[in-house]
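K.L.:
Sequence:
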Amino acid sequence: MIRLGLLGCGRIGQVHALSIGKIAEARLVAVADAIPSVAQSLADRYSAESRDPNAMITSDDIDAVIIATPTDTHYDTIHTAAAAGKAIFCEKPIELSSERVRDCIDAVAKAGVPFLTAFNRRFDPSFAQLEQRLRDGEIGDLELVAITSRDPAPPPIDYITKSGGLFRDMMIHDLDMARFLLGEEPVELFAIGSCLVDPEIGKAGDVDTAVVTLKTASGRICQISNSRRASYGYDQRIEVHGSKGMLSAGNALQSLVQIAGPSGFRSAPAKHFFLERYEAAYLAEMTHFIDALMHGRALSPDANDGLRAQILADAAAQSSESERLVKFEY
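Going by this note's numbering, the sequence shown wraps up at 330, each residue one higher than the last.
Since the hints were made in silico from the structure, they are not lab data. The C-beta atom is built at its ideal place from N, Cα and C for all residues, glycine as well. There's no promise every hint is true.
Claimed, not checked - Now the in silico label distances, taken between C-beta atoms and shown as ranges:
{"no.": "1", "residue 1": "S218", "residue 2": "N54", "range": "44 to 50 angstroms"}
{"no.": "2", "residue 1": "A217", "residue 2": "S41", "range": "49 to 55 angstroms"}
{"no.": "3", "residue 1": "P125", "residue 2": "E329", "range": "21 to 27 angstroms"}
{"no.": "4", "residue 1": "S41", "residue 2": "G264", "range": "43 to 49 angstroms"}
{"no.": "5", "residue 1": "D61", "residue 2": "S218", "range": "45 to 51 angstroms"}
{"no.": "6", "residue 1": "Q258", "residue 2": "Q132", "range": "23 to 29 angstroms"}
{"no.": "7", "residue 1": "G261", "residue 2": "A217", "range": "49 to 55 angstroms"}
{"no.": "8", "residue 1": "Q254", "residue 2": "R45", "range": "38 to 44 angstroms"}
To be verified - The calculated lysine-lysine pairs, modelled on DSSO-like cross-linking and capped at a C-alpha distance of 30 angstroms, are:
{"no.": "9", "residue 1": "K244", "residue 2": "K215"}
{"no.": "10", "residue 1": "K271", "residue 2": "K22"}
{"no.": "11", "residue 1": "K203", "residue 2": "K327"}
{"no.": "12", "residue 1": "K271", "residue 2": "K162"}
{"no.": "13", "residue 1": "K203", "residue 2": "K22"}
Kindly generate the complete structure, drawing on both the sequences and the hints.
P.N.:
Structure representation (C-alpha coordinates):
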(Lines of atoms letter the chains of each structure in order from A; the text may use other names.)
(Lines give C-alpha, C1' and ligand atoms only; values in the text may rest on other atoms or scores of the structure.)
Protein backbone atom coordinates (compact mmCIF):
# COMPACT_ATOMS: atom_id res chain seq x y z
CA MET A 1 0.00 0.00 0.00
CA ILE A 2 1.36 3.42 -1.01
CA ARG A 3 0.35 6.14 1.46
CA LEU A 4 -0.10 9.52 -0.20
CA GLY A 5 -0.19 13.14 0.83
CA LEU A 6 -1.84 15.63 -1.52
CA LEU A 7 -0.68 19.25 -1.65
CA GLY A 8 -3.23 21.48 -3.33
CA CYS A 9 -6.97 20.78 -3.23
CA GLY A 10 -8.10 22.79 -6.24
CA ARG A 11 -9.56 21.28 -9.38
CA ILE A 12 -6.47 19.26 -10.40
CA GLY A 13 -5.91 18.14 -6.81
CA GLN A 14 -9.50 16.90 -6.70
CA VAL A 15 -8.91 14.95 -9.93
CA HIS A 16 -5.88 13.24 -8.39
CA ALA A 17 -7.81 12.47 -5.20
CA LEU A 18 -10.52 10.83 -7.30
CA SER A 19 -7.91 8.74 -9.14
CA ILE A 20 -6.23 7.64 -5.90
CA GLY A 21 -9.61 6.49 -4.60
CA LYS A 22 -9.91 4.10 -7.56
CA ILE A 23 -6.53 2.40 -7.02
CA ALA A 24 -6.56 -0.48 -4.54
CA GLU A 25 -2.85 -0.21 -3.74
CA ALA A 26 -3.05 3.50 -2.84
CA ARG A 27 -4.50 5.40 0.10
CA LEU A 28 -4.92 9.15 0.48
CA VAL A 29 -3.74 9.74 4.04
CA ALA A 30 -3.66 13.53 4.21
CA VAL A 31 -4.28 16.70 2.22
CA ALA A 32 -3.16 20.32 2.54
CA ASP A 33 -4.19 23.58 0.94
CA ALA A 34 -3.63 27.31 1.45
CA ILE A 35 -7.36 27.54 2.21
CA PRO A 36 -8.02 25.28 5.24
CA SER A 37 -11.75 24.92 4.55
CA VAL A 38 -11.03 23.60 1.03
CA ALA A 39 -8.55 21.08 2.43
CA GLN A 40 -11.00 19.95 5.12
CA SER A 41 -13.78 19.49 2.58
CA LEU A 42 -11.63 17.24 0.40
CA ALA A 43 -10.28 15.38 3.42
CA ASP A 44 -13.81 14.62 4.62
CA ARG A 45 -14.77 13.34 1.16
CA TYR A 46 -11.95 10.77 1.12
CA SER A 47 -11.64 9.95 4.84
CA ALA A 48 -8.25 11.64 4.99
CA GLU A 49 -6.76 14.23 7.35
CA SER A 50 -6.24 17.92 6.70
CA ARG A 51 -2.71 18.84 7.78
CA ASP A 52 -0.11 21.59 7.68
CA PRO A 53 1.87 21.14 4.41
CA ASN A 54 5.34 20.80 5.92
CA ALA A 55 4.12 18.54 8.70
CA MET A 56 2.43 16.32 6.12
CA ILE A 57 5.52 16.11 3.89
CA THR A 58 7.80 15.08 6.76
CA SER A 59 5.32 12.71 8.40
CA ASP A 60 6.32 9.06 8.78
CA ASP A 61 2.91 7.84 7.58
CA ILE A 62 3.39 9.40 4.10
CA ASP A 63 5.33 7.53 1.40
CA ALA A 64 4.81 9.93 -1.50
CA VAL A 65 3.52 13.44 -2.11
CA ILE A 66 1.36 14.76 -4.95
CA ILE A 67 2.27 18.39 -5.75
CA ALA A 68 -0.81 20.06 -7.24
CA THR A 69 -0.16 23.56 -5.93
CA PRO A 70 0.62 26.69 -8.02
CA THR A 71 3.89 26.52 -9.94
CA ASP A 72 5.62 29.17 -7.84
CA THR A 73 5.42 26.83 -4.82
CA HIS A 74 6.94 23.78 -6.53
CA TYR A 75 10.62 24.61 -5.96
CA ASP A 76 10.48 24.75 -2.17
CA THR A 77 8.04 21.84 -1.93
CA ILE A 78 10.21 19.58 -4.08
CA HIS A 79 13.29 20.36 -1.99
CA THR A 80 11.41 19.71 1.26
CA ALA A 81 9.92 16.44 -0.01
CA ALA A 82 13.23 15.21 -1.43
CA ALA A 83 15.02 15.97 1.85
CA ALA A 84 12.29 14.02 3.66
CA GLY A 85 12.87 11.01 1.38
CA LYS A 86 9.41 11.10 -0.20
CA ALA A 87 8.59 9.97 -3.72
CA ILE A 88 7.28 12.95 -5.72
CA PHE A 89 4.47 13.34 -8.25
CA CYS A 90 4.67 16.92 -9.56
CA GLU A 91 2.29 18.74 -11.85
CA LYS A 92 3.81 20.50 -14.83
CA PRO A 93 5.70 22.71 -15.15
CA ILE A 94 8.22 21.79 -12.48
CA GLU A 95 9.26 25.45 -12.33
CA LEU A 96 9.16 28.45 -14.66
CA SER A 97 12.97 28.74 -14.71
CA SER A 98 15.10 26.04 -16.34
CA GLU A 99 17.91 26.75 -13.90
CA ARG A 100 15.62 26.24 -10.93
CA VAL A 101 14.35 23.02 -12.52
CA ARG A 102 17.99 21.88 -12.61
CA ASP A 103 18.26 22.71 -8.90
CA CYS A 104 15.21 20.53 -8.26
CA ILE A 105 16.71 17.68 -10.28
CA ASP A 106 19.91 17.93 -8.23
CA ALA A 107 17.93 17.77 -4.99
CA VAL A 108 15.95 14.75 -6.18
CA ALA A 109 19.09 12.98 -7.40
CA LYS A 110 20.94 13.68 -4.14
CA ALA A 111 18.04 12.27 -2.13
CA GLY A 112 17.59 9.32 -4.50
CA VAL A 113 13.79 9.62 -4.51
CA PRO A 114 11.47 8.68 -7.41
CA PHE A 115 10.07 11.65 -9.34
CA LEU A 116 7.27 11.88 -11.93
CA THR A 117 6.57 14.98 -14.01
CA ALA A 118 2.82 14.84 -14.62
CA PHE A 119 2.50 15.15 -18.38
CA ASN A 120 -0.84 13.35 -18.35
CA ARG A 121 -1.35 13.37 -22.13
CA ARG A 122 1.25 10.64 -22.57
CA PHE A 123 -1.23 8.40 -20.73
CA ASP A 124 -4.27 9.19 -22.86
CA PRO A 125 -5.37 5.81 -24.28
CA SER A 126 -5.56 7.05 -27.89
CA PHE A 127 -2.30 8.98 -27.79
CA ALA A 128 -0.49 6.13 -26.04
CA GLN A 129 -1.75 3.64 -28.63
CA LEU A 130 -0.69 5.96 -31.45
CA GLU A 131 2.81 6.21 -29.98
CA GLN A 132 3.07 2.42 -29.58
CA ARG A 133 1.96 1.76 -33.16
CA LEU A 134 4.43 4.37 -34.35
CA ARG A 135 7.25 2.57 -32.48
CA ASP A 136 6.03 -0.74 -33.92
CA GLY A 137 6.80 0.62 -37.38
CA GLU A 138 3.28 0.65 -38.84
CA ILE A 139 3.91 3.83 -40.83
CA GLY A 140 7.61 3.29 -41.51
CA ASP A 141 10.04 6.13 -40.90
CA LEU A 142 8.57 9.12 -39.08
CA GLU A 143 8.69 12.34 -41.08
CA LEU A 144 6.12 14.83 -39.81
CA VAL A 145 4.06 15.34 -36.64
CA ALA A 146 1.13 17.76 -36.31
CA ILE A 147 -0.29 18.54 -32.84
CA THR A 148 -3.43 20.64 -32.35
CA SER A 149 -4.34 21.89 -28.88
CA ARG A 150 -7.02 24.55 -28.43
CA ASP A 151 -8.89 25.45 -25.25
CA PRO A 152 -12.64 26.19 -25.34
CA ALA A 153 -12.05 29.58 -23.65
CA PRO A 154 -9.17 31.48 -22.07
CA PRO A 155 -8.54 31.31 -18.32
CA PRO A 156 -9.02 34.36 -16.08
CA ILE A 157 -6.50 37.17 -16.52
CA ASP A 158 -5.23 36.79 -12.95
CA TYR A 159 -4.24 33.23 -13.92
CA ILE A 160 -2.56 34.42 -17.13
CA THR A 161 -0.38 36.89 -15.21
CA LYS A 162 1.00 34.11 -12.98
CA SER A 163 1.14 31.27 -15.50
CA GLY A 164 4.44 32.02 -17.20
CA GLY A 165 2.70 32.54 -20.53
CA LEU A 166 1.09 30.34 -23.17
CA PHE A 167 4.31 28.60 -24.17
CA ARG A 168 5.29 27.60 -20.61
CA ASP A 169 1.78 26.97 -19.28
CA MET A 170 -0.31 25.58 -22.14
CA MET A 171 2.02 24.53 -24.94
CA ILE A 172 4.45 22.78 -22.61
CA HIS A 173 2.10 19.75 -22.78
CA ASP A 174 2.41 19.73 -26.56
CA LEU A 175 6.16 20.26 -26.48
CA ASP A 176 6.46 17.18 -24.28
CA MET A 177 4.20 15.28 -26.66
CA ALA A 178 6.41 16.35 -29.56
CA ARG A 179 9.43 14.81 -27.81
CA PHE A 180 7.39 11.70 -26.94
CA LEU A 181 6.43 11.12 -30.58
CA LEU A 182 9.48 12.33 -32.50
CA GLY A 183 11.73 9.80 -30.82
CA GLU A 184 14.68 12.21 -30.92
CA GLU A 185 15.31 15.63 -29.46
CA PRO A 186 14.38 18.82 -31.32
CA VAL A 187 17.42 21.03 -31.83
CA GLU A 188 15.82 24.14 -33.33
CA LEU A 189 12.43 25.82 -33.44
CA PHE A 190 10.56 28.82 -34.73
CA ALA A 191 7.56 30.25 -32.91
CA ILE A 192 5.06 32.93 -33.78
CA GLY A 193 2.30 34.24 -31.56
CA SER A 194 -0.56 36.73 -31.68
CA CYS A 195 -3.27 38.07 -29.40
CA LEU A 196 -6.54 37.45 -31.28
CA VAL A 197 -8.88 36.13 -28.59
CA ASP A 198 -8.77 38.65 -25.73
CA PRO A 199 -6.89 41.99 -25.82
CA GLU A 200 -6.51 41.81 -22.04
CA ILE A 201 -4.21 38.81 -22.52
CA GLY A 202 -1.99 40.99 -24.72
CA LYS A 203 -2.02 43.74 -22.10
CA ALA A 204 -0.84 41.10 -19.59
CA GLY A 205 2.17 40.46 -21.83
CA ASP A 206 1.05 37.13 -23.27
CA VAL A 207 -0.29 35.69 -26.53
CA ASP A 208 -3.42 33.58 -26.97
CA THR A 209 -2.76 32.15 -30.43
CA ALA A 210 0.53 30.50 -31.43
CA VAL A 211 2.24 28.11 -33.80
CA VAL A 212 5.62 26.45 -33.23
CA THR A 213 7.66 24.42 -35.70
CA LEU A 214 10.37 22.12 -34.31
CA LYS A 215 13.10 20.23 -36.17
CA THR A 216 15.34 17.39 -35.02
CA ALA A 217 18.95 16.78 -36.06
CA SER A 218 17.85 14.13 -38.59
CA GLY A 219 15.29 16.50 -40.13
CA ARG A 220 12.04 15.28 -38.57
CA ILE A 221 9.54 18.12 -38.20
CA CYS A 222 6.73 18.82 -35.75
CA GLN A 223 4.19 21.61 -35.95
CA ILE A 224 2.13 22.64 -32.91
CA SER A 225 -0.99 24.82 -33.13
CA ASN A 226 -2.40 26.44 -29.96
CA SER A 227 -5.33 28.74 -29.30
CA ARG A 228 -7.05 29.86 -26.11
CA ARG A 229 -10.40 29.68 -27.92
CA ALA A 230 -12.29 26.92 -29.74
CA SER A 231 -16.03 27.49 -30.17
CA TYR A 232 -16.65 23.77 -30.73
CA GLY A 233 -15.08 22.42 -27.50
CA TYR A 234 -11.71 21.22 -26.29
CA ASP A 235 -9.73 20.53 -29.47
CA GLN A 236 -7.06 17.85 -29.01
CA ARG A 237 -5.74 16.08 -32.12
CA ILE A 238 -2.55 14.43 -33.30
CA GLU A 239 -1.45 13.37 -36.77
CA VAL A 240 1.80 11.53 -37.50
CA HIS A 241 2.98 11.05 -41.10
CA GLY A 242 5.57 8.47 -42.10
CA SER A 243 7.13 6.85 -45.15
CA LYS A 244 4.43 4.15 -45.26
CA GLY A 245 1.33 5.97 -44.10
CA MET A 246 -0.25 8.07 -41.38
CA LEU A 247 -1.51 7.59 -37.83
CA SER A 248 -4.02 10.01 -36.33
CA ALA A 249 -5.98 10.45 -33.11
CA GLY A 250 -9.01 12.72 -33.25
CA ASN A 251 -11.09 14.53 -30.69
CA ALA A 252 -12.99 12.76 -27.93
CA LEU A 253 -16.64 13.62 -28.50
CA GLN A 254 -19.45 13.99 -25.97
CA SER A 255 -21.26 11.16 -27.76
CA LEU A 256 -20.42 8.67 -30.51
CA VAL A 257 -23.94 8.93 -31.95
CA GLN A 258 -24.03 10.53 -35.40
CA ILE A 259 -27.07 11.73 -37.35
CA ALA A 260 -27.30 11.75 -41.15
CA GLY A 261 -29.81 13.63 -43.26
CA PRO A 262 -30.21 15.60 -46.50
CA SER A 263 -27.87 18.28 -45.18
CA GLY A 264 -25.09 15.79 -44.38
CA PHE A 265 -23.64 14.04 -41.36
CA ARG A 266 -23.58 15.64 -37.91
CA SER A 267 -21.69 14.50 -34.80
CA ALA A 268 -21.70 15.59 -31.17
CA PRO A 269 -19.36 18.39 -30.02
CA ALA A 270 -15.94 17.64 -28.59
CA LYS A 271 -15.75 17.18 -24.83
CA HIS A 272 -15.67 20.66 -23.37
CA PHE A 273 -12.80 20.75 -20.88
CA PHE A 274 -9.53 19.05 -20.01
CA LEU A 275 -10.87 17.39 -16.85
CA GLU A 276 -13.42 15.31 -18.74
CA ARG A 277 -11.32 14.91 -21.90
CA TYR A 278 -8.37 13.44 -20.01
CA GLU A 279 -10.18 11.64 -17.19
CA ALA A 280 -8.82 8.23 -18.28
CA ALA A 281 -5.33 9.70 -18.74
CA TYR A 282 -5.26 11.07 -15.18
CA LEU A 283 -6.20 7.67 -13.78
CA ALA A 284 -3.62 5.86 -15.94
CA GLU A 285 -0.96 8.37 -14.92
CA MET A 286 -1.63 7.87 -11.20
CA THR A 287 -1.79 4.09 -11.67
CA HIS A 288 1.64 4.20 -13.34
CA PHE A 289 3.03 6.20 -10.40
CA ILE A 290 1.65 3.82 -7.77
CA ASP A 291 2.64 0.68 -9.70
CA ALA A 292 6.19 1.93 -10.18
CA LEU A 293 6.57 2.68 -6.48
CA MET A 294 5.08 -0.69 -5.51
CA HIS A 295 7.44 -2.66 -7.77
CA GLY A 296 10.54 -0.46 -7.85
CA ARG A 297 10.18 0.45 -11.52
CA ALA A 298 11.41 3.61 -13.23
CA LEU A 299 8.99 6.51 -13.58
CA SER A 300 8.36 8.20 -16.90
CA PRO A 301 8.13 11.06 -17.69
CA ASP A 302 10.75 11.97 -15.10
CA ALA A 303 12.34 15.22 -13.94
CA ASN A 304 14.65 15.38 -16.97
CA ASP A 305 11.62 15.19 -19.24
CA GLY A 306 10.19 18.13 -17.33
CA LEU A 307 13.44 20.05 -17.81
CA ARG A 308 13.62 19.40 -21.55
CA ALA A 309 10.03 20.47 -22.10
CA GLN A 310 10.80 23.63 -20.12
CA ILE A 311 13.85 24.35 -22.30
CA LEU A 312 11.64 24.02 -25.39
CA ALA A 313 9.02 26.33 -23.86
CA ASP A 314 11.70 28.91 -23.03
CA ALA A 315 13.04 28.69 -26.60
CA ALA A 316 9.53 29.10 -28.02
CA ALA A 317 8.92 32.22 -25.95
CA GLN A 318 12.31 33.60 -27.02
CA SER A 319 11.61 32.85 -30.69
CA SER A 320 8.18 34.45 -30.60
CA GLU A 321 9.52 37.60 -28.96
CA SER A 322 12.54 37.91 -31.28
CA GLU A 323 10.80 36.61 -34.42
CA ARG A 324 13.90 34.50 -35.07
CA LEU A 325 14.77 30.82 -35.35
CA VAL A 326 16.26 29.54 -32.09
CA LYS A 327 18.81 26.74 -31.87
CA PHE A 328 19.52 25.25 -28.46
CA GLU A 329 21.14 22.54 -26.38
CA TYR A 330 19.92 20.71 -23.29
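K.L.:
Now, for every hint given, state plainly whether the structure supports it.
P.N.:
How the hints compare with the structure:
no.: 1; hint: S218 / N54: 44 to 50 angstroms; in the structure: holds (47 angstroms)
no.: 2; hint: A217 / S41: 49 to 55 angstroms; in the structure: holds (51 angstroms)
no.: 3; hint: P125 / E329: 21 to 27 angstroms; in the structure: violated (34 angstroms)
no.: 4; hint: S41 / G264: 43 to 49 angstroms; in the structure: holds (47 angstroms)
no.: 5; hint: D61 / S218: 45 to 51 angstroms; in the structure: holds (49 angstroms)
no.: 6; hint: Q258 / Q132: 23 to 29 angstroms; in the structure: holds (28 angstroms)
no.: 7; hint: G261 / A217: 49 to 55 angstroms; in the structure: holds (51 angstroms)
no.: 8; hint: Q254 / R45: 38 to 44 angstroms; in the structure: violated (26 angstroms)
no.: 9; hint: K244 / K215; in the structure: holds (20 angstroms)
no.: 10; hint: K271 / K22; in the structure: holds (22 angstroms)
no.: 11; hint: K203 / K327; in the structure: holds (29 angstroms)
no.: 12; hint: K271 / K162; in the structure: holds (27 angstroms)
no.: 13; hint: K203 / K22; in the structure: violated (43 angstroms)
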